[in-house]
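Participant: Listed here are the chains, written in short residue letters.
2 protein chains.
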Amino acid sequence: MIDNKSKLHIFNTLGKKKELFIPIHENHVGMYVCGPTVYGEPHLGHARPAITFDLIFRYLLHIGYKVRYVRNITDVGHLENDADEGEDKIAKKARIEALEPMEVAQYYIDSYHFTMDVLNVKRPSIEPRASGHIIEQIDMVQRILDHGYAYVANGSVYFDVVKFERDFGYGKLSGRTLNEMISNTRTLDGQDEKHNPADFALWKKAAPEHIMRWNSPWSIGFPGWHIECTAMSTKYLGNQFDIHGGGMDLLFPHHESEVCQSTVANGEESVKYWVHNNMITINGQKMGKSLGNFITLNEFFKGEHELLERAYSPMTIRFFILQAHYRSTLDFSNEALIAAEKGLQKLCSALTTLEKLKAGNSSTEDINAWILRCYDTMNDDFNSSKLIAELFDAVRIINTVYDGKGSLNADDLALLTQYFHIFFFEILGLKAETNASGNELSNSLMDVILDLRQQAKNEKNWTVSDMIRMKLNELGIAVKDTKEGAVWEKN
Amino acid sequence: MIDNKSKLHIFNTLGKKKELFIPIHENHVGMYVCGPTVYGEPHLGHARPAITFDLIFRYLLHIGYKVRYVRNITDVGHLENDADEGEDKIAKKARIEALEPMEVAQYYIDSYHFTMDVLNVKRPSIEPRASGHIIEQIDMVQRILDHGYAYVANGSVYFDVVKFERDFGYGKLSGRTLNEMISNTRTLDGQDEKHNPADFALWKKAAPEHIMRWNSPWSIGFPGWHIECTAMSTKYLGNQFDIHGGGMDLLFPHHESEVCQSTVANGEESVKYWVHNNMITINGQKMGKSLGNFITLNEFFKGEHELLERAYSPMTIRFFILQAHYRSTLDFSNEALIAAEKGLQKLCSALTTLEKLKAGNSSTEDINAWILRCYDTMNDDFNSSKLIAELFDAVRIINTVYDGKGSLNADDLALLTQYFHIFFFEILGLKAETNASGNELSNSLMDVILDLRQQAKNEKNWTVSDMIRMKLNELGIAVKDTKEGAVWEKN
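The listed protein sequences derive, respectively, from chains S and B. For the first sequence, position 1 matches number 1 in the working numbering, and the numbering has no gaps at all. For the second sequence, position 464 matches number 464 in the working numbering, and the numbering has no gaps at all.
Derived by calculation from the structure, the hints in this document are not laboratory data. None of the values given here were measured: they were computed from a predicted structure. Nothing false has been slipped in among the hints.
No distinction is drawn between identical chains; accordingly, a pair holds when it is met within one copy or between any pair of copies.
Here are the computed lysine-lysine pairs in the DSS-like style, where the Cα-Cα straight-line distance is at most 30 angstroms:
#, residue 1, residue 2
1, 471, 490
2, 490, 342
3, 66, 18
4, 460, 471
5, 172, 286
6, 272, 163
7, 272, 16
8, 302, 66
9, 342, 356
10, 302, 356
11, 480, 457
12, 480, 490
13, 431, 386
14, 272, 17
15, 302, 122
16, 66, 7
17, 17, 172
Kindly generate the complete structure, drawing on both the sequences and the hints.
Facilitator: Take a look at the structure:
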């Protein structure tokens, strides 16, 4: 196999440039990605990071790494205003629905899994839950206290950002300053306990009505939002690991706070490559519940939202997301999704055509060069956008050969087939959808129908052959006569 | 709707007789079921309890209860010899594979979920992991220590079964005696720490090579196997709850130990109804890895085991399990599975025929009586075996009407359709399989083919109509001409 390990470059948010990827332990990659906060139905904001890091996971595996991919589930401690104050989101939802918080969390965890499954997102190696790692979080808070970078106030524990700024410098990852951290917080419960408004909670004492709570040395309470990722990544990947991923929206203050925590608790920065996917918009607008453009993934799959003209399949959504490079913004619109659907169908049709190609004596196309170009796109910071463009170039090759305007020898045809499959199925994680290629029984029945049609044509029984064509048209099936016989396509 | 709540009887292992089911809190049911230990691929021993308690969950929901169904995942602390000694199974597997134990656990959790999904087992309301509830287990061990029914020895904590026997009497649930508990244990690591060989571990100090470990007041170690279920059922369902389920193999010593723990820790027995599903055998033999008859569910689905003549679909497995009452033993054999498959197909065909029935002016069958008989079977300790027999009686009714030898008026036809669907899909959780009824596209294509066949017959073109019949036969599709037109069935 081609040695892609020596060529892979990743854009590192820490330093803001592409760097050659060199893992800490040869042949192994440790990757931690911030997973979902489970208090609502999965939406586009869940799909993009899940698919981005699925692509990266798949590619690292493909080029020969043993990857431990940890993606957490935040089922506690994510505070409402994304600073460290206010009510725990999950506990709040549970009270409204008069449910046990873990029952709410479980419902949305299951919903997340079902949805990611249909998007063909591989399960991570380990999927730890924040509520399942309270001991580890308490241990890490204690370590930060022991090192003198946190303080206890009224049963809660806060990270001393001012002291950290003095000793290590704040904002390495995000470029934000302490003042921005302060203006990011609001004057809410707990602010009067802090030495400085920039400080963030490591442990919060539970108010009496707060139903998710655990014993700790400081109070019956719950962990702050940022500590879970540092505690769980350290537990499963060690003090230092290769890649930490997440959405751009988590860069500040969440990831910046993780840098503070791990620097102090582990005595060193944990992460070698920070990787952030960019945001999505809908018809040019930020997505938000108050804006009326908040569309869940299931609504996309069913076409059940006033902004959607119709349903879009999971593979259309996946393909659309992969058609943009993960560091570009991505705007969802009906036009763009319909275009993506057509593009995906074109690739699926090419897969079918590819099966029918016959090898010639010589090649008019350079397949090895095409394979190298495909890998180059992925080695250039996982550029799936350019990889898909290369797959469309392969479609051009396939159709040229199919139309008899070019040829491939047996070796090149085998290579093209092998690598088209590798890039389409294994690396991009796409699937040929049933409505594009039909299932097994449908394919057999179509064979029967096309035989009947051929027989009618042989007998010059145009009434029957026209009737067949008409009825198939009603089902959205187009039949095309080629020199290799009739082929069909469902749109 | 019929008031089934006042009629439901459940066989209670505690007392060994059927009892009217009266929930602790009106309209609510709390149910805890021992879930999988995640150190291997899911097999029949996982399918039977999952499907048994899925049936119970579905029925309780159907008759109007709000059910909180908790099924745990044992990802730590299940000790190898099912007593309290020896090495933690998961940690052992992890060391063999040189993996992080949680990576092994995650792999098998995902595998369990995928397999239960295809068996159409509903996800429980809460699925807590033992490793995620170490704090709760430590708290409960402390409570048992505080009450004087446990002692610390060399960093481990043991339950004092002798003292429990004296104060409360041992063996209420299983009828086993202390002597049997003693003979159930073996002379292994830790026995010399116990005051009495019958005592069982609540917390074990970790040996240096034991990689799953947590801080506790007594040692760095891990919880005993029995404590997790008591801690997690108490947390999510309260000190007292309605139903505790599991396989018969867990009755002793696991559930008997749970009785000891909750009696002491909560000051009362927790469980009102103990429900146990019986065991499975394969060709009359106990299933076991050493016996060469250990077949995973995926091997059943793919037919990939030397004992299997061919593949059996997930719905065939589910139907086969439901065809026996959960308290009967169940023997798997090729003959029995093939018979189950035919039975399921018969029900699926009847579903199709049912759609085609036309209402008459009067009814020759008593549909209301049939509905009541169906509910009676379920109210009699969830007797799915008898319910399926009633569904076959409905097939007889359906065919009688279809053949014109009987009739149903519009109301009765609507009732029969409604309740056949309720019992088949909602309560038994069965699905009409694609190879029985075809998918949407296949159905449309078959319509095209049957139209062509009809046209050929009209034109007395026997060559074409025979060719169609022959080609469909090759695909395993049989066409039958009825007074309502041609119908088809795939076998």
